[in-house]
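Undergrad: Protein chains in written order, with our numbering: chain A, 1 to 292; chain B, 1 to 314; chain C, 1 to 632.
No false leads were slipped in.
Residues from chain B shown here face chain C by an in silico Cβ test under 10 angstroms; the list is partial:
id: 1; residue: 211
id: 2; residue: 214
id: 3; residue: 215
id: 4; residue: 220
id: 5; residue: 236
id: 6; residue: 237
id: 7; residue: 308
What the hints contain is simulated information worked out from the structure, not anything from laboratory work. What you are looking at is a predicted structure, and each value in this text was computed from that prediction instead of being measured. Think of the CB as a built atom: it goes at the ideal place given N, C-alpha and C, for glycine as much as any other residue.
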Amino acid sequence: MTTLAAAQKAPLDSRTGKPRRPRHPYRAALATARGRTGLGLVLLVVLAGLLAPLLAGHGPTDQSALALAGPGTPGHPLGTDDLGRDLLARLLHGIRADLGIIAVAVPLGAVLGCLLALAAACHPLADTVVQRAFDLVLAFPGLILALAVTAILGPGRVPVILVIALAEIPVFGRLLRTGILVQRGREYVTAARVGGTSGGRILTRHILPNAADPLVVQFAVSLTVAVFIEGAMSFLGVGVRPPEPTLGAVLSQSMPYLAQAPHFAAGPLVTVTALVLGLSLTAEALSREIRR
Amino acid sequence: MRGYLLRRLPSALFVLLLASLLVFAVLRLVPGDPAAVLAGPDASAEAEAAIRASLGLDDPLPAQYARWIGGLLTGDLGPSYAIGGRTADLIGDGIGATVELTLGALLFVIVLGAAFGMVGATSRNRWLRGTVRILTTGALAVPPFVTGVLLVLLFAVLLGVLPPGGRVPLLTAPDLGVQYLLLPALCLALPSAAVLGRYLEDSIGRALSEDYVRTATAAGIAPRRLLWRHALPNALPPVVTLLGMQTGHLLGGAVLVEAIFAWPGLGQLAEQALVRRDYPVVQDLLLLLVTVFVLVQLVTDLVHAWLDPRIRWE
Amino acid sequence: MTTPPLLEVQGLDVEFTTPDGGALHAVREVSFTLRRGETLAVVGESGSGKSTTALALLRMLPGTGRITGGAVRLDGQDLATADEPALRAVRGARVGMVFQDPMTALNPVLTVGRHLDEVLRAHGGRDRKARRTRAVELLALVGIPDPERRLDDHPHQFSGGQRQRVLIAMALAGEPDILLADEPTTALDATVQDQILTLLGDLTRTTGTALVLITHNMGVVARACDRVLVMYGGTVVEDGPTAEVLSRPRHPYTAGLLAAVPRLSAPSGTRLTGIPGTPPDLSLPLAGCAFAARCTLAEARCHTAAPTLTEVAGTGGDTVTGTATGAGTGTDTGSVRAACLLAAERTDPLPPPPPPARIDRPAPGAVVLRAEGLRKTYKSRRRSFTALDHVSLTLAAGETLGIVGESGSGKSTLARVLAHAHPADGGRILLDGQDVTRPGRAALHSVRRRVQMVFQDPYASLNPRMTVGEIVAEPLRAFGTVAPGERAERVAELLRLVGLDPAAADRHPRSFSGGQRQRVGIARALAPEPAVLICDEPVSALDVSVQAQIVGLLTDLQRDLGLALVFIAHDLAVVRQVSHRIAVMHEGRIVETAAADELCERPRDPYTRALLAAAPEPVPVRARLPVGAVSA
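Next up, chain A with everything else stripped away, as it sits in the complex (with noise of 0.2 angstroms):
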């Protein structure tokens, strides 16, 4: 007979001495300094977006006879722009459409790069074709991809959200492509091919979740790409047609009056510089936590 060994103890925490539970890494990742300040910083963006039309207290398009003012004149808390718009109901539904494009744009452009690493797992042939056609995306860095495709469907909502999806389908399908191959070669998913378990489920129960971890830090990341590639798009004149505004349309208006109003860029600025610090923290403590 063999002896019935026992399982070895949970491990217990050193401080106090009860039994640790293993904590998700992401949940861990969250609760760090660097990942609460990034989290917060988002999630007040996001919130204020949301709230929009509730905090506003005037259309982002409505023009009154105050052009210029400066902050704190009575009814325009952050001023008026150049053609007498109230400043905050414009930043806060710039923030507003800035989500609206990203949120769309990001996910897309994950899941179709997602889909055709998946796509490029299967069969040789398809991995060949895929790899070609990342790399052609590639080969059109950032801002020049944006040349490329307003100059096919002019300026708008949808071709920053495509340029911006576009973009990010070769960086998800490289990623996920890589993660597949390397979990594959692991020993766990021979173990588990010779314990029977058919392809599918070895796919979506072994690799997938173990490859996940780097898609989850590359999202963060992807956010902040897509608020620069917003930005720079409204600053070009190729963005969302005006008079909506974005994040980056208010901050290329206030250019001009930057020397006689800088109060103009200061909120598109700040809150720019937020959102992308608050995603940047974030991905850090995520990628720092799984590194572990």
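Using the hints provided, position chains B and C relative to the given structure of chain A.
TA: Using the frame of chain A, we list chains B and C on its own:
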């Protein structure tokens, strides 16, 4: 080495071929008649027909493609319709400015990136490391259009020490040229410098924790020499590859930075051509930028192989 | 007449900070001395603190590690408190170090010549030409052929054994007084290990360098060192002349370890004796003897009073027969010291372990699995590599076929082809007389029900995202052998079968030790009730004491379930004990197949003979019996 080049070259050429087909398709995908768009709303039917003929839009597509590529290879890019003048001249005017901006930014990227990376990986001074950490986080978190605005606000509007925009060619007046170049190049370089710095820090950190560094430490080799002669040669090859990717981002970013600083380069030309719907110019520009990017990546791959004997001998 | 010791370690304590801020006391009160020219082995299982001790000597502790107490005196200079420049003057010049993994210990972008040049330069070699000449000499010294030309080659152009030679050359470049080798042969094949140990022995003898050899392998200890230090749970439990300690261990742990080591001389069908339990958790304070919890002789006081390392009565230098040649023969070299309260009072050695028990197993039945002329070739861009070259074998019900070979011999490929993890390029596989070489989807499914596999690496072969229960239930789900409602019950049954608490089902693999994980792997393989179990190096990643437990489990399961086993390993001694028949693989071919005892005692193929000769035995060199003689 030559074998590596011969293996790597076909895929680069293949990507270029695909990219050229894609760019070629741009003009043909525009809704409506491109000739009508180019001629403008008030043009006569004859003017439209003339444009159509000069673009060869009535020819079969393969013939049009061959003509376009032939023109690119011989430098005959045809006339620009909306902007005026010859496309080759327009590109010739802008290319110097863009090359100057990109190279200036690249210099910043290398210098700042190396500084950030080395400090992050090796400095024992916590304050210095913290400062660099904040700088790189900032450079990554603030989009270039925001950085640009802030730089202009600070140096041009508040301090008044540097011009807010425009360009004086570096070769004609170096002292003045540098003043004009400084802000746009810095603005363009910051995000890439931060990325490079972080990556270098990570790469050196990883190399320093490798077994071979432990071997060298046990052999009594001094830390400074460990860093420069043992860890760095291993940390650099992937950084070079990243630098190649970042050069592509600089090319793309130049379009934006040129708009902020009124820098008369290819980006400005592209923006103008886009707004005025001058499709032939857009096409030629797109292909030019993509070609440069693909070539830069090819070169960095070769440098990577040259730096890493394991690839060199494969 | 006692010469002062070259190296004197006194009460060395090393701590690490755990991620949650606690302290892990990895090395506790370690003391020993080393004389000029002496060869000392430090032996222990994983977590015993042997490697940490070695790194602490040169103050090269990784991460949060730090010396919290004690002294390391090299000719009177305390290295534990020395400053960095002083340490650098010691590292490489007075103490040379060789590490475990020759594949990662050399810098891939530097040539071998540069490696040596760097060391020579660091220790005062000013003239570039002279350094190069010396580098050539060093390469020649460690037996690299054509050293002049090889100097400009990069590490990836050398084999594993050659890289280890280069590392030894680097360690010797500064003409040190001490060579510190941390598991220098663990990553190498037995025949290469044998060459490296011979080289180390020759070099230390000719140059008068003292050698400290860190190892987990008792055979290496016997082969290479005059004196041995046995470590357990961060402490030294026994210290004495190799011949004395190996033949008459005083500490129960040493005795247990020696009993657990498979011996080439033990005949087929004998049982290995493992040490029950697991090593102590070093992050907890330790009261009493570290080994008390696993010790069969422990008394109540062993759990409360910490034993000190004291000389054992009756082991004075004059009574020792095995004091080795060339070692410093100071008066205390010959005595044995043990950290055991009971040993200190006992004058006789521990009773010898009971003679190995025979396993009561039925004779093999009819042939279940037959392979004929299997071929498998891996193709990469440039070259193709023949992993299997016309391999034929048979396996009967209730039989264990051992397959032995070195790395690259094709034994793992054979396992994968037999288990249908990889397809064969040619040849036939017959299961119960039916050709299953290229089964269709349905046929493959039924083949897999009959043929299961246990993997080498218990860490890599379990999905980290699944609980143990889910992992064991995967085959049950896949083959539909058990109704979904009864799965949990069957999983519990399987876990009990492999000696695990059924409560383990809810936990993830990461909370188990290597041996426990391997039990989970075995439970998974048993889930579909297979007739054939292919075990690919199932114990090579485990410590000896755990290895004995797992081998015992496999043989018990075979007896109870009538399994046919293919047992693959690189260690001939283990294979002999568990196998009915042994096949020796070399370069993709089976060079010899015979009954286990027959093959070990009367090998016919020269390669088999080379393997047998290279196998390190945990027996003092002098006392070694001719291969094949059964020791009682």
